[in-house]
Each structure stands twice: as structure tokens, then as C-alpha cells.
Amino acid sequence: MSEFFAMGGYGFYVWTAYAALAVVLVLEVLAVRARRRAVVEEARLSGPESTTIAPGGNA
Amino acid sequence: MASLNWFKYASPVAFFPLAGRMIPWFSWAAAILTAVGLYIGLVMAPTDFQQGEAYRIIFIHVPTAWMSMFLYVVMACWSALALGFGTRLSAMMAQAIAPTGALMTFVALWTGAFWGRPTWGTYWAWDARMTSELILLFLYLGVIALRNAIDDPRRADRACAVLSLVGVVNIPIIYFSVKWWNTLHQGSSVSMTAAPQMAAIMVTGMLVMSFAAWFYAIAVVLARLRTIMIDRERGAAWVAGLPEVRNA
Amino acid sequence: MSAPNAAPNAAAGAILPGVRWSLVRDLKIALRSRAELGVQLLFYVIVVSLFPLATTPERTLLATMGPGVLWVAALLASLLSLPRLFAGDHADGTLEQIALSPYPLEALVSGKILAHWLTTGLPVAVLAPLLGIQYAMDAESLIVLAAALLVGTPILSLLGAIGAALTLGLRAGGSLLALLILPLYVPVLIFGAGSVDAVRAGLGAGANLSLLGAGLLVAVVGAPFAAAAAVRIALD
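Protein chains in written order, with the numbering used here: chain V, 1 to 59; chain C, 1 to 248; chain A, 1 to 236.
Hints were generated in silico from the structure; no laboratory data involved. Hints should not be assumed to be uniformly reliable.
Claimed, not checked - Below, a sample of chain C positions facing chain A; criterion: calculated Cβ distance under 8 Å:
1) V13
2) A149
3) N170
4) V178
5) W180
Backbone N, C-alpha and C define an ideal beta-carbon position, used for all residues, glycine too.
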């Protein structure tokens, strides 16, 4: 197992590379989710635009 | 019959739920393929004769590099559709792809540098492929910066579409010129990112990881696309009718 | 600002008159502010003078750096002057009138680009060999450099016009323009500066200049269309 992590002495390079990928993926997914929440919140607050169709006038 | 169904999905309101159903499938496929690919690459594949264990970085460097280039071309195709047919959804697709493409490019550059250091002694050697990849990152960042700089979404759609198409035409020219420059100055030295002699198992690992990267990209781009749709169609009734928007 | 005369239809026959009308107009406007043109050239001279100060006056090193520095400074000088390609007309509403004129927009844009090159790229191409003397470059290198700049600077104007049109009226226009256009300039830079290296290496500049020439042809045909499309997008 420790051989696996040592990667023949190149462990630093191999694992830094894989870690960079993992970090980027996690950050990307989190960023999309955070943006989604913010956008949904804005959509809730602004509500549907009033149209001429709705009788009685929706907000 | 089938073609009618496709055009139905060309409107945001119709595509939104379809995209939502697609995301879990592609996410799971990506996760499984990543697990398989990592097992092949990190455990099954033998040690390389010349590069030792350091070569195992190619299992993430090559797929991300391929994806970075592939995504730019796909973004350009959606841009062409957006300009040609004026469809909002095509432009939103292009908008959704750019950040993922830029991140793939960044990871390709980072992993390439960490592959180069133990193998060829330097993090950055100005070789043709890495230099072209760096310029590709600038092209992505340019599209994103232009999008952010323009307030009007429709103008942003069309401006970014023109920029993406100009970029995609120039990419082969840029690569050719960088390769020219590189061979002139380094002679016949080995390309920094030339893969070692590839055993079949290594190729398999790279292919599996490439598909994993592709499915991941599809999943995250569709997720970002849905967010973009909600953002840009904010006033529409269908957005207001979404469960997550209605509930507190 | 004068509006174009009416009458010619937007058929192919209106291309050259459109180019000429726009070229003459832009040249007149540029020559009215001669000081501004002078300042741009002065910028070029100053930038070129900075590099030896930042590195070394050692002659062989300067001679190696020279073509690259003179080319990069030419790129920067081009970028500096590109925003005014459309911005002036855009600010007072003339650009919209021009877009509505009977001449094809592509022709009018081509005229503007030509005027830009005549007032920016051409002077740089003429000035660069003189500055190359500061860089201990020999006569043969200087001739090749001038030739490459003559072929390459029009490409800078052509590609730059696309960027200028895309970023028209935007807040951070100038820096954004640089970010968008510099990657596209890379092949011009490589083949342009490389032409001197090629001659020094005994390979002759033929290949480099041919590639630049081919690039120029492609840019002349393609860039006005992209730039005109970008202008229309910016005006809508």
C-alpha cells in the first residue's frame, strides 16, 4: 500500500496531478450548485412577469 | 416523426426537464468509468520502462487535454447554430460549455507540468502541444470575459458566437505556427508530452478515462445549462412554476 | 460628420466605392489629429527602447532579441490604436448611419481597416528597421524585418478590427480587446519574427513570408465579414 502512494518515488508529482483534477471537479460541481441556488432564489423573488393574459392581474 | 420530436426540445421549457433526467445517467456513468479507469491506470497497468510510475499522469492528462479541445469545437458548433438559426438554447449551450472547457484546459496544463517535471526535468518547456494548450486557455478565457462584459444577453450570445467561430478557425493555424516555432528552436528533441511506448492496457485505461471525462462534461454542462435557463428565462411562467422556485 | 451620398445600390459594384469612401473619410479624420498618430509612434519607440534597459546592452544578445521585441511592440502599438477604429463613430451615432448606408458594411469596414493600417501599421513597418539599428541588427536582417512587418501589420489591423467591433462600447474595452486578439496574433508573431531568425540560420525568409502572405490573403477575405457581423451585433 505504501508502495502505491510512493509511486516509485514520484508520489509527489503523481498525486499532486490527480489531486488538482479532483479539486477542480469538486469546485466546479459546488460552483454550479451554488449558482443554481442563487439563481433559483432570484427567480423566486422576482416572480413571473405580469402578462396581459392573466385575468384579475397577477403580480 | 422522430425529427418532429427533436425540434420540440429546441425550446428551453421543453429541454429543461429532459436535461434534468439526463444528468443523473451521465453522472453515474462518469463515476463508474472513472473508478474503472483509475483502477486500470493506477493498479493494473504495468510500470513504464523509461518513466517509472510518473507516466501514470497520462491517464488524466490526455483525457482532459482531449476534452479541452473537443469542448471548444462543440462550443463553436453550438455557436454556429446560434448565429445561423438564432435559437436561444443553442447560445445557452455554448455559454454553458465555456467554463468546463476552460477548467479542462487548466487541468491539462497542470497535469502536463507535473508530468514534465519528473520526466523531462522541467515544469514548463515551451513545447508545441503545451504552448498551444496555453493559448487555448486564453481563447476560452476570452470568450468567458466577453460574455461577462456584455450586459445584454442577446448581444453577448451573438458576440461570443462570432468570437468562438473566429477562435475555432484559428486554432489549427495557431497549433501549426507553434509547432513550426518549436521544431525550429528545439530541433528533433522529444516532445515533452510524448507518450511512452503504450501497452494495450495503457491505451485502454486512457480510453476509459476519456469517456469518463466526456460523460462528466456532459453532466456538468447540462447542470450549468439548467441554471442558465432559469437565470435567463426568469420572467417566464414555466420558471415560476418549477417546484424549487415555488417552494420556500 | 458627412454622411455617404445616396444612390449606389448594395450590389457588388458598390464594394470599391464603399472602400474608397470609408478610407478617404477615416484618413481625413486621422490626419486632423496628427498629434495622436505621432504619439502612437512615440509609444512604439519608447517601448522598443525599454527592453535593452531592462536586460542588457550586450550586442549579440540584443541582436537575438531584436526581431522579437520589434514585433511584440508592433502588436502592442496595434492594440493601443484599435479601439479608435469604431469608437469615435460609435460615440456620435455616425456608425449607425454608416451601417444603414447603401454601401455594403463589409466594404466600409475594409476601408476603415485600410486607413488604420496606413496610419499605424505602415509607419511602424517603416520605423522598425531604424530602431533595429539600436539592436545591432545587420542590414539583411533589417530588410527581412521590414518586409515581414509590411506583410504582417495589415493582418494585425484586420484581426484587430474584429476584436474592436466585438468590444465596441464595453467598459473594459481596451484590455478585453487585448485578451481577445493577442492569441490570434500569435501565428503572425511567430512567422513574422521568425523570418529574421530563418534568414540568420541560412534558411531564407521565403517560407515565413509566404505563410504571412497566405495569412494576409485569408484575413483580407475573411476578416471584413467577421468584423461587419460584429459591428451589426454591437449596434443592435
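(request) Against chain A, run the beta carbon of V178 (chain C) and see if the smallest gap drops under 8 Å. (result) This interface hint holds because 7 Å falls under the 8 Å limit.
(request) Mind checking the CB of W180 (chain C) against every CB in chain A and telling me if the closest is under 8 Å? (result) With Cβ-Cβ at 7 Å, under 8 Å, it holds.
(request) Under 8 Å, Cβ to Cβ, is where A149 (chain C) needs to be relative to chain A, so tell me if that hint holds or is violated. (result) holds, 5 Å
(message) Please check whether V13 (chain C) passes as an interface residue: C-beta within 8 Å of a C-beta belonging to chain A.
(response) violated, 25 Å
(request) Double-check N170 (chain C) for me: the hint is only fine if its C-beta lies closer than 8 Å to a C-beta in chain A. (result) Check passed: Cβ of N170 (chain C) comes within 5 Å of chain A, closer than 8 Å.
Checked against the numbered hints above, the structure violates only hint 1.
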